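Chains as they are written, first to last, in the working numbering: chain B, 11 to 231; chain F, 8 to 267.
In case anyone wonders, no lab produced these hints; they're calculated from the structure.
Since we're looking at a predicted model, the values are computed, not measured.
In this text, a Cβ means the ideal position worked out from N, Cα and C, and glycines have one as well.
Please note that a few of the clues may not be correct.
Keeping only pairs whose Cα atoms sit at most 27 angstroms apart, straight-line, the calculated DSSO-like set for lysine-lysine is [said to hold, decoys possible]:
#, chain 1, residue 1, chain 2, residue 2
1, F, K35, B, K154
2, B, K175, B, K160
3, F, K126, B, K154
4, B, K154, F, K27
5, F, K86, B, K154
6, F, K86, F, K35
Listed next, with one range per pair, are the computed distances between beta-carbon atoms [claimed, not checked]:
#, chain 1, residue 1, chain 2, residue 2, range
7, B, P88, F, E90, 45 to 55 angstroms
8, F, S179, B, I71, 47 to 57 angstroms
9, B, A130, F, L135, 50 to 60 angstroms
10, F, S19, B, S56, 25 to 35 angstroms
11, F, P132, B, E231, 50 to 60 angstroms
12, B, L58, F, H253, 51 to 61 angstroms
13, F, R82, B, S56, 49 to 59 angstroms
14, B, S63, F, R202, 49 to 59 angstroms
15, F, N70, B, L58, 50 to 60 angstroms
16, F, N70, B, S56, 32 to 42 angstroms
17, B, L58, F, K126, 48 to 58 angstroms
18, F, S64, B, S63, 53 to 63 angstroms
19, F, N70, B, I71, 49 to 59 angstroms
Stretch by stretch, here's where chain F covers chain B in the computed footprint (C-beta under 8 angstroms, at least three residues) [stated by the list, open to error]:
#, region
20, 123 to 137
21, 142 to 150
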Amino acid sequence: MKLILEQMPIVFRSLNVGFLQTLRLFFITLIGAFPLGLVICMGTMSRLRLLSSICKVFVWIIRGTPLMIQLLIIYYFPGLVWHNPIWGSGENGRFLAASVAFIINYACYFSEIYRGGIQAIPVGQEEAGLVLGMTRSQIFFRIKLLQMIKRVLPPISNEIITLVKDTSLSRIIALQEIIWAGQAFMKGSQGISGAIWPLFFTAVYYLAATGILTIGLGSLE
Amino acid sequence: MAILEVEHLQKSFGSTDVLKDITFSVEKGQAVSIIGSSGSGKTTLLRCLNFLESPDSGTIKVNGQVIFDPAVQGRLSEKDIRERRLHFGLVFQSFNLFPQYTALQNVTLAKTLMVRQQKLDKNNPGILKSIEEEGKELLERMGLADRMGNYPHQLSGGQQQRVAIARALALSPDILCFDEPTSALDPELTGEVLRVIRSLAEQNFTMIIVTHEMAFARDVASHVIFMDSGRIAEQGRPEEVFGNPHEERTRHFLAGFSQS
Ligand SMILES: Nc1ncnc2c1ncn2[C@@H]1O[C@H](COP(=O)(O)OP(=O)(O)OP(=O)(O)O)[C@@H](O)[C@H]1O
Ligand SMILES: [Mg+2]
Numbered sequence: 011m012k013l014i015l016e017q018m019p020i021v022f023r024s025l026n027v028g029f030l031q032t033l034r035l036f037f038i039t040l041i042g043a044f045p046l047g048l049v050i051c052m053g054t055m056s057r058l059r060l061l062s063s064i065c066k067v068f069v070w071i072i073r074g075t076p077l078m079i080q081l082l083i084i085y086y087f088p089g090l091v092w093h094n095p096i097w098g099s100g101e102n103g104r105f106l107a108a109s110v111a112f113i114i115n116y117a118c119y120f121s122e123i124y125r126g127g128i129q130a131i132p133v134g135q136e137e138a139g140l141v142l143g144m145t146r147s148q149i150f151f152r153i154k155l156l157q158m159i160k161r162v163l164p165p166i167s168n169e170i171i172t173l174v175k176d177t178s179l180s181r182i183i184a185l186q187e188i189i190w191a192g193q194a195f196m197k198g199s200q201g202i203s204g205a206i207w208p209l210f211f212t213a214v215y216y217l218a219a220t221g222i223l224t225i226g227l228g229s230l231e
Numbered sequence: 008m009a010i011l012e013v014e015h016l017q018k019s020f021g022s023t024d025v026l027k028d029i030t031f032s033v034e035k036g037q038a039v040s041i042i043g044s045s046g047s048g049k050t051t052l053l054r055c056l057n058f059l060e061s062p063d064s065g066t067i068k069v070n071g072q073v074i075f076d077p078a079v080q081g082r083l084s085e086k087d088i089r090e091r092r093l094h095f096g097l098v099f100q101s102f103n104l105f106p107q108y109t110a111l112q113n114v115t116l117a118k119t120l121m122v123r124q125q126k127l128d129k130n131n132p133g134i135l136k137s138i139e140e141e142g143k144e145l146l147e148r149m150g151l152a153d154r155m156g157n158y159p160h161q162l163s164g165g166q167q168q169r170v171a172i173a174r175a176l177a178l179s180p181d182i183l184c185f186d187e188p189t190s191a192l193d194p195e196l197t198g199e200v201l202r203v204i205r206s207l208a209e210q211n212f213t214m215i216i217v218t219h220e221m222a223f224a225r226d227v228a229s230h231v232i233f234m235d236s237g238r239i240a241e242q243g244r245p246e247e248v249f250g251n252p253h254e255e256r257t258r259h260f261l262a263g264f265s266q267s
């Protein structure tokens with residue numbers, strides 16, 4: 011116990027740094043995936059057959075394969091196959107690759123949720139807009155969008171909570187997020203080695219984050 | 008001259024013919040009521056007039072100008088269709104107000120967007136203000152002066168339908184169509200909506216009213232159309248159609264109403 015108490019300051023400092031990276035990935039994913047999801051959603055609902063088919067197949071592939079594989083492919087593929095490691099080396103490169111993978115993955119999930127939300131809007135809303143001479147984009151942005159947001163808030167909240175935990179998958183490409191930071195003390199870091207409690211303790215960070223989000227999103231709804 | 012002339016309108020959904028050779032005309036300032044049993048095509052007819060459905064053949068003329076002709080329909084741009092459908096307004100059975108906007112915003116939204124789209128507010132900064140004033144005036148005429156800031160869910164069905172009528176009037180359509188405007192209302196709320204429509208008739212708005220309220224259909228309109236399985240079975244002055252119908256089908260239909 012005494013040992014753990016001594017380790018604490020060092021461990022917490024490290025975990026905080028890792029958690030900061032976790033949060034960065036979390037927020038950048040949301041910022042990117044909310045609008046990209048809308049674009050993909052509009053693509054799948056497009057009246058242009060080809061565009062909607064391409065978008066649907068893309069969504070199916072992304073939703074049908076593990077995010078972990080997507081991370082690996084996006085991170086390693088350019089370097090291994092094209093001999094062009096576009097992500098650059100180091101933590102910044104890994105963060106960029108992870109961001110791209112997460113944004114694409116979550117955008118596809120969001121797009122399906124948006125689509126459900128739009129399709130649940132009574133057709134009378136669109137017809138009322140049409141009869142009043144509104145354009146299709148006015149009907150979408152002025153009438154449907156807000157109603158859609160209201161409908162999708164609960165399922166989107168679920169995805170947001172899931173995302174907090176999913177960020178840990180970026181450990182697979184050695185992004186220095188909180189799991190990575192906790193694990194470092196098992197192998198040995200800053201004079202501490204063989205300590206497994208820091209890894210276990212990361213759970214508390216996740217719990218705190220999901221707890222705050224649950225309360226915050228709940229009050230939004 | 009007739010403000011609206013509909014000639015030989017046909018519409019089918021797949022293999023079911025829903026409108027068969029519909030021909031009628033409406034004079035400016037006239038209120039026409041359309042009656043007929045469920046499934047006879049009344050809603051489909053109004054939807055064709057409002058470009059929510061595309062007829063298979065026939066023509067629609069407003070003020071002598073052809074606004075629907077299947078031969079050119081496919082070549083019309085969305086903008087053309089928008090302009091043409093603005094000859095008509097439509098009040099739905101289920102109101103279809105926009106829930107995220109107040110009563111007043113529901114009334115002013117379409118016109119405001121139109122003005123912004125055409126950048127008319129750039130040269131005429133007062134125009135948005137005047138749209139709002141017009142909207143308020145319309146709601147006052149509907150007896151909703153104290154409800155302008157309310158959202159649809161804060162209004163009764165009868166109030167919502169009156170907002171919907173104001174919303175349709177805001178675009179000054181040549182012809183205002185009503186599709187069973189009181190069918191979704193509790194009986195005690197139908198009166199207030201019918202009163203509003205009646206007052207519009209007295210002010211000589213051109214209107215086409217589909218309704219199951221036979222007494223109302225009879226005394227609000229100067230012309231009654233009875234539809235039966237996609238055809239106009241009989242039309243004429245209300246005294247004739249209701250008092251002395253020529254067709255057996257009309258008699259049968261009206262008898263069903265007096266019994267219930
Ligand atoms: N989109 C559609 N697809 C297929 N059939 C349709 C469609 N819309 C209407 N119909 C059919 O067309 C016929 C006429 O329908 P319509 O709604 O015009 O009748 P209505 O006279 O308004 O009836 P009600 O008094 O019940 O409102 C019905 O048989 C209906 O099933
Ligand atoms: Mg109907």
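Verification of the supplied hints:
Using a Cα cut-off of 27 angstroms, the hinted pair K35 of chain F and K154 of chain B is violated, with the two alpha carbons roughly 36 angstroms apart. Simply put, K175 of chain B and K160 of chain B have alpha-carbon atoms about 25 angstroms apart, close enough for the 27 angstroms limit, and the pair holds. In summary, the hint linking K126 of chain F to K154 of chain B is supported, as the alpha carbons are separated by about 23 angstroms, within the 27 angstroms threshold. Of the supplied pair hints, the one linking K154 of chain B and K27 of chain F is violated, its CA atoms being roughly 35 angstroms apart against a limit of 27 angstroms.
As the CA atoms of K86 of chain F and K154 of chain B are separated by approximately 20 angstroms, the hinted pair is consistent with the 27 angstroms bound. A threshold of 27 angstroms between alpha carbons decides the hint, and for K86 of chain F with K35 of chain F the separation of about 26 angstroms falls inside it, so the pair holds. The hint said 45 to 55 angstroms for the Cβ distance between P88 of chain B and E90 of chain F, and at roughly 51 angstroms that hint holds. Roughly 51 angstroms separates the CB atoms of S179 of chain F and I71 of chain B, a value that falls within the hinted 47 to 57 angstroms.
Judged by the Cβ atoms, the range 50 to 60 angstroms given for A130 of chain B and L135 of chain F is violated: they are separated by roughly 33 angstroms. Roughly 28 angstroms separates the CB atoms of S19 of chain F and S56 of chain B, a value that falls within the hinted 25 to 35 angstroms. Checked against the hint of 50 to 60 angstroms, the C-beta distance between P132 of chain F and E231 of chain B comes to roughly 40 angstroms, which is inconsistent with it. The beta-carbon spacing between L58 of chain B and H253 of chain F, approximately 52 angstroms, falls within the hinted interval of 51 to 61 angstroms.
Separation of R82 of chain F from S56 of chain B is about 22 angstroms and departs from the stated range, judged on CB atoms against 49 to 59 angstroms. For S63 of chain B and R202 of chain F, the Cβ-Cβ distance of about 53 angstroms falls inside the hinted range of 49 to 59 angstroms, so the restraint holds. In this structure the supplied range 50 to 60 angstroms is violated for N70 of chain F paired with L58 of chain B, their Cβ-Cβ distance being about 37 angstroms. Against the hinted window of 32 to 42 angstroms, the Cβ-Cβ separation of N70 of chain F and S56 of chain B comes to about 37 angstroms, which satisfies the hint.
Checked against the hint of 48 to 58 angstroms, the C-beta distance between L58 of chain B and K126 of chain F comes to roughly 29 angstroms, which is inconsistent with it. Remark: the range hint 53 to 63 angstroms for S64 of chain F to S63 of chain B is contradicted by a beta-carbon distance near 33 angstroms. Look at N70 of chain F against I71 of chain B: about 55 angstroms separates their beta carbons, and that is inside 49 to 59 angstroms. With 4 residues having a beta carbon nearer than 8 angstroms to a beta carbon of chain F, the region 123 to 137 of chain B meets the requirement of three or more and the stated coverage holds.
Under the rule that three or more residues need a Cβ within less than 8 angstroms of chain F, the assignment of the region 142 to 150 of chain B holds, with 6 such residues.
Hints 1, 4, 9, 11, 13, 15, 17, 18, counting from the list given before, are not met by this structure.
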